[in-house]
Amino acid sequence: MKTKEKFIVHDHNKDGLDRRGFLECMAWAGTGMLWTIAGGVLGSALLPARAGAQDSMGKGSFSFVQISDSHIGFNKAGINTDVAGTLKEAIARINALPTPPDFILHTGDLTHLAAAEEFDALEQLLKSVKTQQIFYVPGEHDVTGDNGQLYLQRFGKNTKGQGWHSFDFNGVHFVGLVNVVDIQQNGLGALGNDQLAWLEDDLQGRSSDTPIVVFAHIPLWSVYPKWGWGTDDGAQALGFLKRFGSVTVLNGHIHQTMKKVEGRVTFHTAMSTAFPQPEPGQAPKPGPMKVDAGKLRDYLGITDVNYTEGKNSLAVVDSTLG
Amino acid sequence: MVLVSCAQYGTSGQPAPSAPPSVTRTLYLRNCAHCHGADGHGDDGPDLHDIGWTNEQIANRIRKGKAGQMTAFAGKLKPAEIDALVSYVQSLK
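Heads up: the sequence lines are chains D and P, in that order. Taken in order, the first sequence gives residues 1 to 322; the numbers are from our numbering. Taken in order, the second sequence gives residues 1 to 93; the numbers are from our numbering.
Don't take every hint at face value.
Pairs of lysine to aspartate or glutamate, EDC-like flavour, derived with a Cα cap of 16 Å [to be verified]: (1) D:K311 - D:D209; (2) D:K127 - D:E89; (3) D:K160 - D:D209; (4) P:K93 - P:D47; (5) P:K78 - D:D146; (6) D:K259 - D:E279; (7) D:K242 - D:D202; (8) D:K226 - P:D39; (9) D:K226 - D:E279; (10) D:K242 - D:E279; (11) D:K285 - P:E56; (12) D:K285 - P:D47.
No lab work stands behind these hints, which were simulated from the structure alone.
Use the sequences and the hints to build the structure in full.
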């Protein structure tokens, strides 16, 4: 690391974490680092150790993959003119995993323009993923113009409200939240009272030792409010989760990996499969970031998550397409 | 869900001076802000301040979109809603 980049540039969360330094570490992670989260303590090992981790996975353990921001329909010269192609590469990465993931989480912005043909194209592309099931939450690009009706028709079956839902898998409780429909005056996402009431009810009665995974498009924590990278009422949702011993929050939207640990909650954002965005505050505004054509795949990727029963932990691995 | 009544805006193609600002603002936030920014100064999409387009040019762009970059809102938004957004964009100085 360059010494001049070690100082804290932004400390929005008042936690003393250096965002730039952290991003550098995460970029390093993206090249093949395994992060292990146990009891809120972050550990790491080189990616090849993952094979061993897979071998040691016992009955009740499982894995899933998070993909995000596929933006099917996006086409901008100099950024990415073949987002279907880069999604296919991401799918190939998933299909090459030593153990097929039990399911996939897509954390939104399936499409760029919320057009029927884009939703159809995404659905067709994802049929080639070797997995049992795919769960979705919408991004703001999926709900444009119709408040998400087209999205709900195709991907919102058995969900509630604007597409929120929950399910259990091998003792882990998963909650998919929607924070992209009611964008607030300050540009932040929002969950809304109806969804918060549902979430409180959904969690009620669950044992506090149940591992929880929450996934939503816009980060639930305040990554960079100036760019709308946060959820206005996210703190209320996190309040309902405080009593649980292991909470993992997976988001997309910002097209880059970031991780933050706060108590027993680990926040993680995923790369896009379509295009990168600038680091917070490092450009006049957010949006598709131009990179050298040969390096685009270094900024795109998938997130592989492994759960080992009895360890109350999730191992999160980011890997780029590059 | 907030839907905007056509009656609030008059007929298509005409200015919509009677649209309540809060309703138009909500319409903008739900459909435009993720690309043009909550403040209209641009995000994925361009800054909308002082763009120097006519009402019809703006309405056309909203209706037809831009391939690969902007949603075509014809058939998604009501004509009166498009009128309201045209007025909103023209108000950004």
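Each hint tested on the structure:
Taking the CA atoms of D:K311 and D:D209, the gap is near 11 Å; set against the 16 Å cutoff, the hint holds. Under the criterion of a C-alpha separation no larger than 16 Å, the hint pairing D:K127 with D:E89 is consistent with the structure, at around 14 Å. Using a Cα cut-off of 16 Å, the hinted pair D:K160 and D:D209 is violated, with the two alpha carbons roughly 26 Å apart. Restraint check for P:K93 and P:D47: satisfied, since their Cα atoms lie roughly 11 Å apart, inside the 16 Å limit.
Taking the CA atoms of P:K78 and D:D146, the gap is about 10 Å. The hint holds against a cut of 16 Å. A hinted pair counts as satisfied when its Cα atoms are at most 16 Å apart, and D:K259 with D:E279 qualifies at roughly 13 Å. This hinted pair checks out: D:K242 and D:D202 have alpha carbons roughly 14 Å apart, not beyond 16 Å. Our distance criterion of 16 Å between C-alpha atoms is met by D:K226 and P:D39, whose separation comes to about 11 Å.
For the suggested pair D:K226 and D:E279, the alpha carbons sit about 13 Å apart, so the restraint of at most 16 Å is met. Between D:K242 and D:E279 the CA atoms are separated by roughly 29 Å; this puts the pair beyond 16 Å, and the hint is violated. Distance check on the hinted pair: D:K285 and P:E56 sit about 28 Å apart at the alpha-carbon level, beyond 16 Å; violated. With a CA separation close to 10 Å, the supplied pair D:K285 and P:D47 stays within the 16 Å bound.
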